[in-house]
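Listed below are the residues making up each chain.
Number of protein chains: 4
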Amino acid sequence: MIGIGVIGYGYFGPNIARCVAEASGTTLKAIADPSPAAQSRAATRHPGVTIDDNWQRMLADPEIDAIAIATPTRLHYEIALAALMAGKHVLVEKPITPTSREAARLVAEAAKRRLTLMVDHTFVYTGAVQKIRELIDTGVTGNLFYYDSTRINFGLFQDDVNVIWDLAVHDLAILDYLLPAETLAISATGAGHIKGSPENLAHITLYLEGGVTAHLNVNWLAPVKIRRTLIGGSRRMIVFDDMEPSEKVKVYDRGVEFDERPSQEEIRRILPAYRMGDVWTPHIPVKEALVTEIEHFARCITNGETPLTSGESGLRVVRLLEAASQSLAQRGHPIDLSPLRAA
Amino acid sequence: MIGIGVIGYGYFGPNIARCVAEASGTTLKAIADPSPAAQSRAATRHPGVTIDDNWQRMLADPEIDAIAIATPTRLHYEIALAALMAGKHVLVEKPITPTSREAARLVAEAAKRRLTLMVDHTFVYTGAVQKIRELIDTGVTGNLFYYDSTRINFGLFQDDVNVIWDLAVHDLAILDYLLPAETLAISATGAGHIKGSPENLAHITLYLEGGVTAHLNVNWLAPVKIRRTLIGGSRRMIVFDDMEPSEKVKVYDRGVEFDERPSQEEIRRILPAYRMGDVWTPHIPVKEALVTEIEHFARCITNGETPLTSGESGLRVVRLLEAASQSLAQRGHPIDLSPLRAA
Amino acid sequence: MIGIGVIGYGYFGPNIARCVAEASGTTLKAIADPSPAAQSRAATRHPGVTIDDNWQRMLADPEIDAIAIATPTRLHYEIALAALMAGKHVLVEKPITPTSREAARLVAEAAKRRLTLMVDHTFVYTGAVQKIRELIDTGVTGNLFYYDSTRINFGLFQDDVNVIWDLAVHDLAILDYLLPAETLAISATGAGHIKGSPENLAHITLYLEGGVTAHLNVNWLAPVKIRRTLIGGSRRMIVFDDMEPSEKVKVYDRGVEFDERPSQEEIRRILPAYRMGDVWTPHIPVKEALVTEIEHFARCITNGETPLTSGESGLRVVRLLEAASQSLAQRGHPIDLSPLRAA
Amino acid sequence: MIGIGVIGYGYFGPNIARCVAEASGTTLKAIADPSPAAQSRAATRHPGVTIDDNWQRMLADPEIDAIAIATPTRLHYEIALAALMAGKHVLVEKPITPTSREAARLVAEAAKRRLTLMVDHTFVYTGAVQKIRELIDTGVTGNLFYYDSTRINFGLFQDDVNVIWDLAVHDLAILDYLLPAETLAISATGAGHIKGSPENLAHITLYLEGGVTAHLNVNWLAPVKIRRTLIGGSRRMIVFDDMEPSEKVKVYDRGVEFDERPSQEEIRRILPAYRMGDVWTPHIPVKEALVTEIEHFARCITNGETPLTSGESGLRVVRLLEAASQSLAQRGHPIDLSPLRAA
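Residue numbers (my numbering), protein chains in the order written: chain A, 4 to 346; chain B, 4 to 346; chain C, 4 to 346; chain D, 4 to 346.
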């Protein structure tokens, strides 16, 4: 049984605390938050758990094996580093840190101390994303062509990060899990339309190794909520619509077929032939992703496995967020990521 | 009554011929197409109309006041120029020509001869786009923030143009009509996934004067057909879903409100306040857009009015298509359009 | 090649004439309608075809093998009988006649003269209904439990028939094709809300042999158009949504499982166990149903086959319409149809 | 502050207990349930609240002003009667009792003792139903024509009641609130398809005073979940789709217009004229209905107001359920409710 302390009990911390309490293999030991109101809410919902305004004390508690960090992003680095140095395993909200330099430092520290460092890329643990990974791995989709995601809604504006760091981070985390290919270049455009607020919409294109392209459309100021991803493959295509209550993943037996090796002469004349087949919606059992994730965290701590959403994946995602931000500031100027690969 | 000859009776020509016959104010006089099969289809559907394999003869016919060109794009320039020089008014399929140089030449020729030159940007004549223009002009939306369009489907691959010239042209034409603001810069990304075929997906961002951004997502290889445009304004937002059989345009009374002139100090602390109000779907009477367009063409010829989709708008759209293609070839490198404005 | 004359060129006649002209195996020879406006429209669209104001002359034409009747329902009997007596095969709009007595007379006359008598139950010839029949016949659905259809829209009011004879006739025809079981009893409710007009909404329940129930909800005064049928079976369930542009038929691998033969004691304690599986949308090639139907009509004439929608099926449907009308007038009082079976 | 004890902590009791704790004006004092597992769950979620296996003890507690009953339906009567006789106000789950005789007895007892007796018809307290009532009361819909509800899903089978008592009860409660008109007659059909289980689908038509008809389609064995109600009026029509996450109520400006008093001669010739106008989706603020309901319960106790969902409304609904069951057993035979009105 892994004893866990939760730091931060604002917007997302209560979910983490509840799931730590529900998951098998973990016990909720303590919650820390500087706000008296947050402490009071925590005490009501989790009688018997230590409530504190000071997270440092948690690090000295020998009953606590691991720390879950749900504070504002700017505090992640300081707390995670202190926790690792105190010998605690760490689960940290996304994005792992505001800079890749800090993320790299945490990854190194965890490796040195052989501690589990995991980032909360929750979508990776949903039944839908697990099913899509399985469809790709078993060849159902064939060679991947593209990933095209629309993740838009009305609100919530964040005051410290722009829409890329708030919403695109989800798709970059999903991509990191689904497609192991390296990103060669990134181009991002976008704008802020509310004076005094960061960018509220952005469009990001990633050029991946092997010719796959990914495109993310994120928007805080859309009249409707859309959470839809299209994945195009040479054999089949997937629509993942997370707003559908039950039929979230649909597989379209649809593709383009043609003679694979036409002569130069023929290429000019051959038109692709379309194939329209059935649509299939695999049943996906319902389980709360955050509970799955916390149980995975506990198992990784116990067995020494590398988490699906390791510190390294958190670092890779932050590097892409940095590159996207850099491109956005230059109206889409493509950022070459080969130096990053070399590093 | 304007006598009209239609050149080209392949994919779109039959629609034009049918609507010329149906519209009030126009008479279908002749159809020309080099293909015997096309001529035979034309003869069956339009008994009494002259059918020819040679379009030049049409230009000499004094009963023909105007020419509608529905040939492959590469032939537009030669035919349109000859028609103008023969004193005929011209309606030409989109895009007006494959290059802006040719488009500019046609515009100049039409101006010199005081002939009507119009491009078939059909969407401009739909009830939906007319209603959206009215909503913008009467202040319903407030200041525009963004235009975000998804225009994707499965097929048809074109063998001579890429997906930008085939699909994005529609949105550029709609934008040209809805938003008179100049485009300052354009960034486009995309890829071709089928060997020997042009780009099948692309993502284009336009930076317009006044801070408006426009984004177009076009894709020939999507598992589902989507035709949806979001328009964000400071007072209200619009969703235009062209796949809806009747409720195509929805107006969301949704926006962000805050003190308009906060001090520097306040800006940092003020969070936008969300306003969630009603949704309203204006009734849009059904009329075929192409008939409306052809009646407008006849009226412009008769009264000397400038068409809503004049040769100049066709030229502007082709300039944006050229800039988007240039950016696409450089993975999103932004193309500065100020020189174009100066010109 | 079967020569066909079309009688009636009002609301539905033009579709029939067009499809007779398009179908392989049939030639459109003549069109008769008393209205000069209808004759003029027919002449424009079908140059070369005999247009007449008098249908009797058609029966004397030896080049005409078969008659298609698209007049108001009240004229079906007189014309169909005359045509049969003149030795013509007959295709007649639904409902075949306003009374079962007349329908039975037509059936007998056609049998006596060995002529093909077919009723235009168009839905039977759609790819969707053909696919559903295949799913039932191959055991995909298992034992059928129920058929539940909602067929509602705004308008068109008919002045001579109520909503049952206008809309429910479609579902009764589909049922007649899908489920050969006899109807044991029928109960119908409904009302007319517009003074001087017939019933504009109705709800009909059919009790079929073997425990299957069918329910039809028809409404001329609904704010939205719905065309959806649920079919429940012991192994799988079907949703047929005719408003979907392409994914019209979905098969849900969903059912209730339990020990088939529990003892009396056990029955009380056993709760059904739910099974939730995948959803599957078979691809259905697009072909206009009316063309398929007319080609089937020609084949039946040539080969002497019994049509899928024979005069007998038209008669069965009219008997159900009569029983439903009778029940509707008595606020749902069930009509026992066993005498009908005995007959 | 009204002290409340909750009896029954199985399927719905936990919701009631949680909302009593959250609502302003009420305090959760005690929970009773015979099951040790339920007691343990209650103790975990509500530390500080008395947990008991015996509900009788609650009636003696002077700190408890009111009892909320969430037991199986068959126990409602005994507990509610005992609570009223002990001087407690009572909120009881729907349906109020299994028979109208028992419901009438509870109503009489509460009246005699001037205690508040309220039934948990939760939908009445939703923002959607409140908005619909407002649209009817302010004349937006005009004269009502019909109410047509589809309330179907897959599971849960109840072992003691059929689908009418489980699902149709919701619509009857909504109708009781929206339309004060008396029900003149009721016809119900349906069937049970699972051996040893009660009816799993049913269709109910109500004939109301003034010509309004209501129809309810309920089904436990449907492949998809639908919760949609159409309300037709002479001026406008409403679609209430409870599966929509935010746009639940849409108002269609759609109707039939014609000269109100045509002569007998004219009636035959006048066809209704259709009016197609805008669609409007009023914004409905989100608040949990059960909290609203419990706050209303507390206010009624304090001020002596009659609840919107009084014991009388619970009794009226049970009378309709009984009549529907009676008709269902006779395959739709209409049940005349005039004697009931006289009573």
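Simulated from the structure, these hints should not be mistaken for laboratory data.
Some hints here could point you the wrong way.
Chain copies aren't distinguished; within one or between two, either way the pair holds.
[Unchecked claim] Straight-line Cα separation of at most 30 Å, DSBU-like style, residue types lysine-lysine; simulated pairs:
#1 K290 <-> K134
#2 K228 <-> K115
#3 K198 <-> K32
#4 K32 <-> K228
#5 K32 <-> K134
#6 K253 <-> K290
#7 K290 <-> K32
#8 K115 <-> K134
#9 K115 <-> K253
#10 K115 <-> K32
#11 K198 <-> K253
#12 K115 <-> K290
* Any of the earlier hints contradicted here, and which numbers? -> 2, 3, 4, 5, 8, 9 and 12
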